[in-house]
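K.L.:
Residue numbers (this note's numbering), protein chains in the order written: chain B, 2 to 256; chain R, 389 to 626.
Among the hints, a few may not be true.
Derived CB-CB ranges, DEER-like [as the list claims (entries may be wrong)]:
no., chain 1, residue 1, chain 2, residue 2, range
1, B, Ser145, R, Lys594, 24 to 34 Å
2, B, Ile112, R, Gln512, 37 to 47 Å
3, B, Leu169, R, Asn394, 46 to 56 Å
4, B, Thr163, R, Asn394, 34 to 44 Å
No more than 30 Å apart at the CA atoms, straight line, and that leaves these computed lysine-lysine pairs for DSBU-like [as the list claims (entries may be wrong)]:
no., chain 1, residue 1, chain 2, residue 2
5, R, Lys486, R, Lys566
6, B, Lys252, R, Lys562
7, R, Lys440, B, Lys252
8, B, Lys7, B, Lys148
9, R, Lys605, R, Lys562
10, R, Lys486, B, Lys7
11, B, Lys146, B, Lys254
12, R, Lys594, B, Lys252
13, R, Lys594, R, Lys615
14, R, Lys401, B, Lys146
15, B, Lys252, R, Lys486
16, B, Lys148, R, Lys513
17, R, Lys455, R, Lys513
18, B, Lys252, R, Lys458
19, R, Lys455, R, Lys508
20, R, Lys471, R, Lys594
21, B, Lys254, R, Lys458
22, B, Lys254, R, Lys509
23, R, Lys605, B, Lys148
24, R, Lys455, B, Lys148
25, R, Lys605, R, Lys440
26, R, Lys486, R, Lys440
27, R, Lys605, R, Lys458
These aren't lab readings, by the way, just hints derived from the structure by calculation. The C-beta atom is built at its ideal place from N, Cα and C for all residues, glycine as well.
For reference, the chains in residue letters:
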Amino acid sequence: MSRIIKYVMFDILRNRFVIGYCLFIMLITFGLLGLEEGSSKSTLSLLNIVLLVVPLISVVFATIHFYNSYEFMELLLSQPVRRSTIIYSEYFGVSCSLSFAFAIGMGVPLIFLNQGLVSVYLLLSGIVLTFVFVSIALLGAVNSKDKARGIGTSLLLWFFFTAIYDGLVLLIMFSFSDYPIEKYLLAFISLNPIDLARVAILLQMDTAVLMGYTGAVFSEFFNSWEGLIFASGLLLLWAILPMLLTVRIFKRKDL
Amino acid sequence: MISVHNLHKSFGKLKVLDDVNVTLEAGQVVALIGPNGSGKTTFIRSILGMVKPEQGSILYNGQEILKAWKYRENIGYMPQLAKFPERIQVKELLDMMKDIRKNNKVDNIDEELIELFDLKKIYQKRTGTLSGGTKQKVSAALTFLFNPNVLILDEPTTGLDPVSAEILKNKITKEQSKQKLVLITSHILSDIEEVASHVMYLHEGKMQFVKSIEQLKMETQEVSLNKAIVKIMQQEIK
């Protein structure tokens with residue numbers, strides 16, 4: 002498999018998109034860290050980049066790359082190569098290059114300007130979110146032969162997790178505000194990888210105090226070891242499960 | 389060498405392969421013919437595992453291949469339209485395929501077509517910039533590169549100039565003499581007459597017959613394959 006991952010990454014590097022992505026993140030990170038005085042304020046802005054830009058780029062790039070590698074996959078299919086090897090190589094090739102670009106782009110400025118535990122959390126969640134959203138994007142792409150539909154599905158999924166889901170959670174919070182629903186809210190948030198990453202990072206910062214009673218429930222949960230392991234485990238599941246489903250579909254598909 | 393039993397495949401409501409049974413032996417050059425949409429390419433792609441049939445089995449040297457993958461190191465496949473990753477150079481493409489097939493012994497590599505088609509001249513060109521015919525040449529060279537026991541060629545001569553087509557046909561005959569199985573689809577009956585030993589006829593997903601060319605000519609009492617086939621096709625319609 003490593004042989005084929007090598008060729009996928011080789012192809013991505015030629016594309017130069019990933020290099021541009023790395024520079025873009027680096028520029029923004031330097032800019033934000035330089036502009037804003039308080040570290041907590043700039044960390045919040047960086048958090049938004051991790052939570053919005055990273056999933057978006059991962060989703061769009063993975064989908065487009067999948068469709069553009071169709072010829073390559075077809076070529077490989079007539080060779081003595083397992084189908085699962087082909088799709089896993091695509092997954093690891095794309096998510097490793099993207100998360101590598103992200104880690105360098107955001108990591109270098111953070112090392113210089115903002116060392117600390119929160120920075121480590123930011124980097125880790127960015128990397129995990131890359132894997133999660135590449136996995137989700139491939140699931141969308143493998144299900145439709147039509148490029149436009151595939152990209153549309155992926156974008157919709159991104160939009161769902163970044164905006165629609167939060168709206169639904171707010172609606173529920175609002176309608177049931179008279180009841181003690183914090184525990185259920187915790188369950189709801191666990192089902193969304195972006196929320197999971199957001200809460201985990203927010204609780205490492207002083208701003209968690211502003212979150213009131215809910216914040217207290219969360220911080221009790223997320224700051225304990227079990228909570229942290231639970232959250233990381235769920236995020237990993239988000240990276241693994243859609244991919245397993247993708248492999249299953251890809252293996253049975255006519256190509 | 390390859391035997392197919394009760395193969396069924398449909399795309400939605402359309403039945404593309406309907407109970408195909410056939411056994412192909414080493415040393416044969418089998419021409420797979422039939423009207424457009426008769427399931428020729430689907431049949432070929434089922435053998436390669438690219439299309440998953442609903443029912444039936446395909447055996448390569450007695451081994452079921454529908455869920456296997458290793459048998460493909462014995463197959464060279466030239467698709468109807470050659471598709472390669474666009475940004476890669478011809479030389480890199482060939483090296484990549486060699487790398488991926490590393491388990492094949494290096495001394496088993498057959499670069500005759502690379503020489504005959506003079507492909508070294510275009511080694512540094514990107515595959516995306518090649519013309520359709522040149523792509524076909526690269527694809528043909530790639531098909532024969534690993535000296536496979538089975539060659540599957542889907543309309544190999546379309547897009548090739550007469551000289552290159554001749555080179556390819558000679559190569560096919562040469563491989564046949566090495567006791568290989570060649571499965572070839574084509575609509576150009578004169579090409580088939582030159583290289584094929586057997587004809588397999590598919591019609592609307594149903595296998596009509598596999599016969600040697602001599603037998604076909606004898607049964608229809610025609611001298612040329614062309615007329616013999618036309619005669620059979622007309623009988624089908626009646």
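K.L.:
Determine for every hint whether it applies to the structure shown.
P.N.:
Against the structure, the hints come out as follows:
For the hinted restraint 24 to 34 Å between Ser145(B) and Lys594(R), the CB-CB distance of approximately 32 Å keeps it satisfied. Under the hint 37 to 47 Å, the C-beta atoms of Ile112(B) and Gln512(R), about 41 Å apart, fit the expected range. Between Leu169(B) and Asn394(R) the beta carbon distance is about 51 Å. The supplied range of 46 to 56 Å therefore holds. For Thr163(B) paired with Asn394(R), a C-beta distance near 50 Å fails the hint of 34 to 44 Å.
Pair hint Lys486(R) plus Lys566(R) holds up; C-alpha atoms about 22 Å apart against a cutoff of 30 Å. For a cut-off of 30 Å, the pair hint linking Lys252(B) to Lys562(R) is broken: about 36 Å separates their Cα positions. Distance restraint check for Lys440(R) and Lys252(B): the Cα-Cα separation of roughly 9 Å lies within the 30 Å cut-off, and the hinted pair is therefore satisfied. Restraint check for Lys7(B) and Lys148(B): the C-alpha separation of about 25 Å stays at or below 30 Å, so the hint holds.
Simply put, Lys605(R) and Lys562(R) have alpha-carbon atoms about 24 Å apart, close enough for the 30 Å limit, and the pair holds. Distance restraint check for Lys486(R) and Lys7(B): the Cα-Cα separation of roughly 14 Å lies within the 30 Å cut-off, and the hinted pair is therefore satisfied. Between Lys146(B) and Lys254(B) the alpha-carbon distance is near 11 Å, which keeps this suggested pair within the 30 Å criterion. With a C-alpha separation of about 27 Å, the suggested pair Lys594(R) and Lys252(B) falls inside the 30 Å cut-off, and the hint holds.
For the hint linking Lys594(R) to Lys615(R), the alpha-carbon distance of about 22 Å falls within 30 Å, and the restraint holds. Of the pairs offered as hints, the one joining Lys401(R) and Lys146(B) holds, with about 18 Å between alpha carbons and a cut-off of 30 Å not exceeded. Between Lys252(B) and Lys486(R) the alpha-carbon distance is near 24 Å, which keeps this suggested pair within the 30 Å criterion. This hinted pair checks out: Lys148(B) and Lys513(R) have alpha carbons roughly 28 Å apart, not beyond 30 Å.
For the given pair, Lys455(R) sits about 37 Å from Lys513(R) by alpha-carbon distance, which is inconsistent with the 30 Å threshold. For the given pair, Lys252(B) sits about 15 Å from Lys458(R) by alpha-carbon distance, which is consistent with the 30 Å threshold. Only pairs whose Cα atoms come within 30 Å are accepted, and Lys455(R) paired with Lys508(R) is rejected, the gap being roughly 37 Å. Taking the CA atoms of Lys471(R) and Lys594(R), the gap is near 29 Å; set against the 30 Å cutoff, the hint holds.
For the suggested pair Lys254(B) and Lys458(R), the alpha carbons sit about 19 Å apart, so the restraint of at most 30 Å is met. A threshold of 30 Å between alpha carbons decides the hint, and for Lys254(B) with Lys509(R) the separation of about 38 Å lies outside it, so the pair is violated. For the given pair, Lys605(R) sits about 49 Å from Lys148(B) by alpha-carbon distance, which is inconsistent with the 30 Å threshold. Restraint check: the Cα-Cα separation between Lys455(R) and Lys148(B) comes to about 28 Å, which is no more than 30 Å; the hinted pair holds.
Straight-line distance between C-alpha atoms of Lys605(R) and Lys440(R) comes to about 35 Å, which puts the hinted pair past the 30 Å bound. The straight-line distance between the Cα atoms of Lys486(R) and Lys440(R) is roughly 27 Å, inside the 30 Å bound, and the hint therefore holds. As the CA atoms of Lys605(R) and Lys458(R) are separated by approximately 39 Å, the hinted pair breaks the 30 Å bound.
In terms of the numbered hints stated before, the structure departs from hints 4, 6, 17, 19, 22, 23, 25 and 27, listed from lowest to highest.
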